[in-house]
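K.L.:
One letter stands for each residue in the lines below.
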Amino acid sequence: MPDELAIRARGVTRVYKAKPQPVTALGGVDLDVRPGEYFGLLGPNGAGKTTLIKILTTLLLPSAGTAHVAGFDVVTETAKIRRVINMVSGGEQSGYGLLTTREQLWMFSQFYGLPQREGWRRVDELIEITGLVEQRDQKVRTLSTGQRQKLNFARGLLNDPWVLFLDEPTLGLDVAAARELRDHTLSWKAAAPGRTLLLTTHYMVEAEQLCDRIAIVDRGRILALGTPEQLRRSVQAESIFRIELDQLPQNGGIAAIASLPGVLSAVHADEDGDGAGSDRVALKVALEDDSALTSVITAVAARGSQLVGLAKSEPSLEDVFVELVGRGFGDEDGVESAS
Amino acid sequence: MTRFGAVATNARDAAEWSTGRVVRTNLRAIFGRAYPRIIGLTREPSWVFFEIVLPFLAVSAFVFVYRALEAPEEYIGFVVLGGAVTAFWLNVVWMMAAQFYWEKDQGNLELYFTAPMHLMSILAGMAIGGLVLTSSRALAVIGIGSLVYGVTYDVQEPFALAGVFLLTMIPLYGMGMLFASLFLLWGREAYHLAELLQEPIYFLGGVNFPLQAISAVAGVVIATLPLAVGLDAMRQLAFSSSPVEGVLPVQTEAIILAAMGVLFLVGARLALRYLEELARREGRLTLRWQ
Chain A
1 MPDELAIRAR
11 GVTRVYKAKP
21 QPVTALGGVD
31 LDVRPGEYFG
41 LLGPNGAGKT
51 TLIKILTTLL
61 LPSAGTAHVA
71 GFDVVTETAK
81 IRRVINMVSG
91 GEQSGYGLLT
101 TREQLWMFSQ
111 FYGLPQREGW
121 RRVDELIEIT
131 GLVEQRDQKV
141 RTLSTGQRQK
151 LNFARGLLND
161 PWVLFLDEPT
171 LGLDVAAARE
181 LRDHTLSWKA
191 AAPGRTLLLT
201 THYMVEAEQL
211 CDRIAIVDRG
221 RILALGTPEQ
231 LRRSVQAESI
241 FRIELDQLPQ
251 NGGIAAIASL
261 PGVLSAVHAD
271 EDGDGAGSDR
281 VALKVALEDD
291 SALTSVITAV
301 AARGSQLVGL
311 AKSEPSLEDV
321 FVELVGRGFG
331 DEDGVESAS
Chain B
340 MTRFGAVATN
350 ARDAAEWSTG
360 RVVRTNLRAI
370 FGRAYPRIIG
380 LTREPSWVFF
390 EIVLPFLAVS
400 AFVFVYRALE
410 APEEYIGFVV
420 LGGAVTAFWL
430 NVVWMMAAQF
440 YWEKDQGNLE
450 LYFTAPMHLM
460 SILAGMAIGG
470 LVLTSSRALA
480 VIGIGSLVYG
490 VTYDVQEPFA
500 LAGVFLLTMI
510 PLYGMGMLFA
520 SLFLLWGREA
530 YHLAELLQEP
540 IYFLGGVNFP
550 LQAISAVAGV
560 VIATLPLAVG
570 LDAMRQLAFS
580 SSPVEGVLPV
590 QTEAIILAAM
600 GVLFLVGARL
610 ALRYLEELAR
620 REGRLTLRWQ
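As they're listed, the protein sequences go chains A and B.
First residue of the first sequence: 1, per the numbering used here; consecutive thereafter.
First residue of the second sequence: 340, per the numbering used here; consecutive thereafter.
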């Protein structure tokens with residue numbers, strides 16, 4: 001039984017009718033998301049992220065495959081799913097401009113059946129949490145984009161959802177507003193244990209900051225899935241450090257470092273066009289794992305060099321994406337219009 | 340309890356609702372959706388000009404024509420009453436039938452779909468809110484029109500009049516609920532569809548003249564348009580001593596209205612079910628960018 005999972009998808013496929021030929025937005029997605037997990041779908045426009053969210057939120061039927069949310073089938077048990085989920089999309093303009101922030105949230109609370117007093121209490125609580133106190137009696141149509149998205153986020157938490165879907169929630173927000181929204185999301189994680197988040201984004205930082213696990217999606221398929229660390233490891237197994245010294249090690253120099261146990265290679269960082277400056281020496285050392293670093297530092301000191309800088313060089317999620325897909329996020333040839 | 344709300348035991352338990360909770364949620368959803376329309380009365384005072392002054396001018400034009408032609412004085416009352424009922428028709432066309440289209444554009448429709456209430460509750464909320472909003476406008480038109488043009492009413496059965504009014508509103512708004520789904524299914528330009536319906540119904544509904552004037556088609560019109568049936572019955576009850584007879588007896592028209600009410604509400608329910616199925620299957624009716 002799939003009921004122990006917050007989200008379970010098996011072979012989920014979605015094909016849209018289109019001319020001159022049908023567009024496959026999702027091509028057989030398998031996904032397990034555990035209760036309490038914050039899960040990210042990372043991919044460019046047209047990757048199929050939104051289509052998957054629409055299927056999981058009961059807005060779309062899969063063309064093939066099965067999907068369950070909180071153990072309920074997205075095709076046949078929509079009513080039960082709708083009682084435990086909520087959804088917030090980026091750039092959302094929902095609601096009615098003539099209502100105030102407080103009224104708008106209260107109106108939506110009624111759609112989730114919150115009793116009058118409980119509804120108003122919840123609205124005021126969320127207004128405070130999302131920092132909209134000054135805008136509480138302001139008409140919605142006068143809110144800024146950032147304030148509007150905070151309002152949408154508050155709306156998404158009205159029913160205290162067990163599974164919250166955030167579809168590109170920071171789309172179009174400035175840096176500060178996006179950061180604030182991410183902070184609210186993390187606060188929710190801490191305050192409401194057991195709740196699950198499915199986030200779609202094409203912002204690496206967002207996925208990395210918010211998500212326990214990430215699936216990299218492109219052209220309707222999951223290309224890789226794991227924790228941010230696992231994903232990075234998948235394209236760079238070794239640990240690479242940049243070590244800056246006041247002078248070259250004596251007694252064997254760099255070759256001596258390279259021959260230490262657990263060291264895969266040691267070269268001048270300058271050889272990568274990445275020098276440390278005229279009065280320092282920079283080495284690029286590849287290790288089997290981080291534990292070999294201690295012996296390297298000890299060996300360097302024993303050969304009369306002083307450590308003046310140390311940095312671990314890690315691939316970014318974008319590096320992972322490029323490695324997997326063969327192109328960057330800005331090079332997509334997406335089909336978002338169909339997804 | 341947390342700052343974000345009560346912590347339930349698990350999602351599966353949270354999804355099990357009693358019938359009472361389902362009913363209460365839908366009732367609250369009706370009230371919630373009616374709220375923006377009711378509150379709109381106080382938020383946008385410009386409606387006084389658009390919804391009272393302009394309709395009053397339209398009514399005035401017909402009043403002057405009838406007076407110039409020395410038509411029976413009851414005709415003036417007919418026009419004033421027709422002007423008031425017109426407000427309901429406009430509300431049905433623009434704020435019911437076209438509403439799902441606007442809701443889709445705003446992104447509300449997909450939120451309605453994913454909320455745990457029935458979409459009929461949203462339509463009912465729109466209808467009740469629209470009814471409250473428009474009643475105030477209609478009453479204003481009747482009050483001002485009657486005062487300025489000295490209309491004398493002869494109401495011998497006030498409860499019957501109130502009953503016929505309510506019986507008219509049910510199929511009228513039921514028709515709006517039905518059209519809300521159909522407009523979304525038929526095409527993307529709700530604006531044009533609404534305009535397409537507006538003028539023919541003014542004519543066929545007999546809002547500015549007694550339906551007997553087009554007696555050849557009056558029977559057909561009565562059989563299909565709640566606005567026409569209701570207005571004819573209300574005119575008979577509001578001007579009891581008028582020599583101008585109705586197309587059908589009031590009792591018969593009340594039965595027709597009741598039947599239409601059931602028909603349109605059932606039709607709205609079926610259309611909504613079809614809309615939801617189609618939306619989920621094709622994915623182009625709820626997603627705002629498609």
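Hints listed in this document are in silico derivations from the structure and should not be mistaken for laboratory results.
Since the model is a prediction, treat every value here as computed from it, not as a measurement.
Cβ atoms here follow ideal geometry from the backbone N, Cα and C, with glycine treated the same way.
Take the hints with a grain of salt, since some may be wrong.
To be verified - Taking lysine to aspartate or glutamate and the DMTMM-like style, the derived pairs with C-alpha atoms no more than 25 Å apart in a straight line are:
#	chain 1	residue 1	chain 2	residue 2
1	A	LYS19	B	GLU383
2	A	LYS139	B	GLU616
3	A	LYS17	B	GLU383
As the list claims (entries may be wrong) - Rough simulated footprint, nothing fancy, chain A against chain B, three-plus residues with beta-carbon under 8 Å:
#	stretch
4	349–359
5	371–380
6	415–421
7	599–609
Said to hold, decoys possible - Between beta-carbon pairs, the in silico distance windows are:
#	chain 1	residue 1	chain 2	residue 2	range
8	A	ARG136	B	ARG406	48 to 58 Å
9	B	PRO384	A	GLN209	13 to 23 Å
10	B	ASN349	A	ASP174	31 to 41 Å
11	B	TRP386	A	GLU134	21 to 31 Å
K.L.:
Work down the list of hints and note, for each, if the structure agrees.
P.N.:
Consistency of the hints with the structure:
no.	hint	result
1	A:LYS19 / B:GLU383	45 Å, violated
2	A:LYS139 / B:GLU616	35 Å, violated
3	A:LYS17 / B:GLU383	43 Å, violated
4	349–359	holds (count 7)
5	371–380	holds (count 6)
6	415–421	violated (count 0)
7	599–609	violated (count 0)
8	A:ARG136 / B:ARG406: 48 to 58 Å	54 Å, holds
9	B:PRO384 / A:GLN209: 13 to 23 Å	47 Å, violated
10	B:ASN349 / A:ASP174: 31 to 41 Å	38 Å, holds
11	B:TRP386 / A:GLU134: 21 to 31 Å	29 Å, holds
Of the hints listed earlier, those the structure fails to meet are numbers 1, 2, 3, 6, 7, 9, in rising order.
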